[in-house]
Every structure is written in C-alpha cells, then in structure tokens.
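S.K.: One letter stands for each residue in the lines below.
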Amino acid sequence: MKFCTTLLLFLLWFGGPELALGQSEQEATVVVYRKPSGTFAKFAMSIDGKQVIPSLEGNTYYEIRLKPGEVLMETRGNIFTEHKQYSLTLEAGEIYYLEAVLEYQLYLMTLHLMRRSEQVAKQAIRKMSREQLE
Amino acid sequence: MKNTSIYLLAFLAILFLSPLSLSAQVISLDEAPEDEISAPFDKSFMLMAFPLSSYLYHTGYENMGNHLKSFGGLENPRFFENIGFGVGWRKKNLFYNINASLPLFTQRDEVSLVSMTRIMESRDSNFDLSVGYAIIPSDQFYWILRAGIGLYFREMSVKEISNVPYDFRDFSTPEGTAWPQLDHRNLTLDVAFEMLPKAMREVAMLQSFQLGYKHGIGSPRWRSAEANLVNPIRDRVSLFYLRGLIVISRER
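Residue numbers (the numbering used here), protein chains in the order written: chain A, 1 to 134; chain B, 1 to 252.
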C-alpha cells in the first residue's frame, strides 16, 4: 500500500504537466506556443472577441481551457501588422496544439497560427515557460 | 538634408494614409489546411531596389579636404545619401550579392565672398560584389556577415561665380571661373553586417539593412577627363555606411 502511494506520488510529480493537459472531459484544451524570438513586436490573441493573451511572448506556451464548440481566434498587433482570424472546432477532452509563427514582410508583420501535431508541439515546448489560462 | 525630409514626409504619408492593421478572411484550422507560410526555403534569388536610402559617412578623402579648406574655406562633404539596387543569390546560409548605389542629389558647399561665390559640388557612386554567411542562427532572420570588393567613384567640380549681375545678352563673356571636372576612383574592400528577414513564401517582399565599412586599396590620384592635371593629389576612400534595401525574393 505504501509502495503504491509512493509510486502514485512519483507519477504525479514527474508526469504532472502532461497529465494536466486535457484532464477535464468537459473541456477542450488549446496549447498555443511561440518559439524564442528576438523581436520587439507585440501581438495579442483573442478568442471569441475576448482578449486572452495580451502579449504572446517568445519561448512560452499557453494552455487555455475552453468549452467545446467552434471558436474564433484572432491575432492582432500594433501598427504595420496584419490582423489574422482563425476558426477551430473543439471537442471535449481533446488537446489542440497551435504554433504562433511571426512573419516579416515589407512594412508588415503577421502572427500566424499553425496547427501542429502532438509530437512536434511537445518537442517544441519541452523547455518553454508555461502559462495556464482559464 | 532636404532629401531626408522628403523621405520622412513620404513615410508619414504612408503611415497615415494606409490602414494600420490589415485584416483578412477567417482561416479554418479544423482540417489540416495548406499552410499559408512555409519553413524557410533552401535557395533564393533576390532583386534589391532602392526606395530606402543608403547613408554614407566619409572619413577619407583627407588630401582633397585639406586642399579645399586651404583653397577657400570649402568643406569636403562627409555625409552622402544614395539609392542602392542589386541582385543576390542565396544557397542555405551562403549569400552572393552584386550591389550598386547612385547619388540622388549632389552634395554642395558654397562660400560667399565680397565679389564672388565659390561653389563645390560632389557626387558619389559605387559598385560592389560581396559574399556573406548567416553566422547567427535564428528562426526569423538571417544575421549575415559580408565581405566584398568594390569600386568607389567620386566626381567633383569647383567654380567661382562673380557677384556682378549677369547680362543674358552677353552670353559670350560669362563672369566666373571653374576647375576642370575632377574624378577619383578607388578599389575598396568591404565588410558589412546585414539583417534580412527569412522569407516564408515563394515570393516575398522584405526589408534588408546593412551596416558596413569600405576601405580603399591604395591612394589613387585625382584625374580629369577635361584637362591634364599637374601635381595631382592622391586620396583614399574610407567610409561607414547604412544601406536600406527593399528585397523581392523568389524562394525555392
């Protein structure tokens, strides 16, 4: 019994972040991450018109719990930026990985959201800071 | 600096007349969509154009500078503004470029004396070949160290115009005198550091900025196509530059 308790505590300790993702069957989880970036450009992200991330930082991943259904996600910056809009249909218990990729063009910056596989995303976020948003 | 003011006004006009944040259609992420952008490509062909200026700051041409000052208080101009253009190729992190720059405006200095006005006008242009390598790994930019060789040209003229009113009917006897047009050519070695965003589309428009230094090889004589020069002085080019270019890049 003592061994089982110790093993459970050990698993919870080391498997914590992974177990935490998508643990609720009533909600979907969206993980948005941005690789390290040496830019001063500030982009915010909104979901269904509500700003959820005021400034998407580099080397950070954001874990967002949402109700199932279709959501509208937007990325928006200051001047000389492109306003992008994405739709995503969420299912309860599922985890969706999105990479925020900054593109530079002539007098224009765009923060794209790109769907990534679990394997690719987990590799990318391995050493990133984590922010959990409700 | 009036040309700089024109650019500043144009920039402000673009800023205020264009939408500050462009919007687009809704993109569905439900099915694996074809991504609008891609990871950086292996090869590029680049056309570089000039709507952005190159700013040159000279620390050379010392002999001509001293000559002009002792001749009559004229200042050898140190600051020039040129327009640049060129072509470039990239293979992974290796860059090859051919660049040229031409003067937009003539640099001018004048001294008003009692009986005349002394005027000096100068125009610079250059041509260079360079090889660069992206030395700092980055997902979004190429940080390129460049080395190259080039040819630097300067044309200069000095004239003195009498302050006596000029009679248009007496065209055959103008008042004033002029030096023959002088020119100077110097082979240069070039080292520069460039920031170029990585293209994420097959055809992309980008901005590139280079900060560099050119140093003349040897000290060639000043020459003139209009007269034989006796005791011509020698000079060496030495200048720092900031070059802004608009890059149209075709990626493969």
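Think of the hints as simulated: they come from the structure by calculation, not from any bench. Certain hints may be false.
Straight-line alpha carbon distances no greater than 30 Å define the calculated DSBU-like cross-link-like pairs of lysine-lysine that follow [stated by the list, open to error]:
{"hint": "1", "chain 1": "A", "residue 1": "K35", "chain 2": "B", "residue 2": "K43"}
{"hint": "2", "chain 1": "A", "residue 1": "K127", "chain 2": "A", "residue 2": "K67"}
{"hint": "3", "chain 1": "B", "residue 1": "K198", "chain 2": "A", "residue 2": "K35"}
S.K.: Broken hints, numbered, in rising order?
M.R.: none
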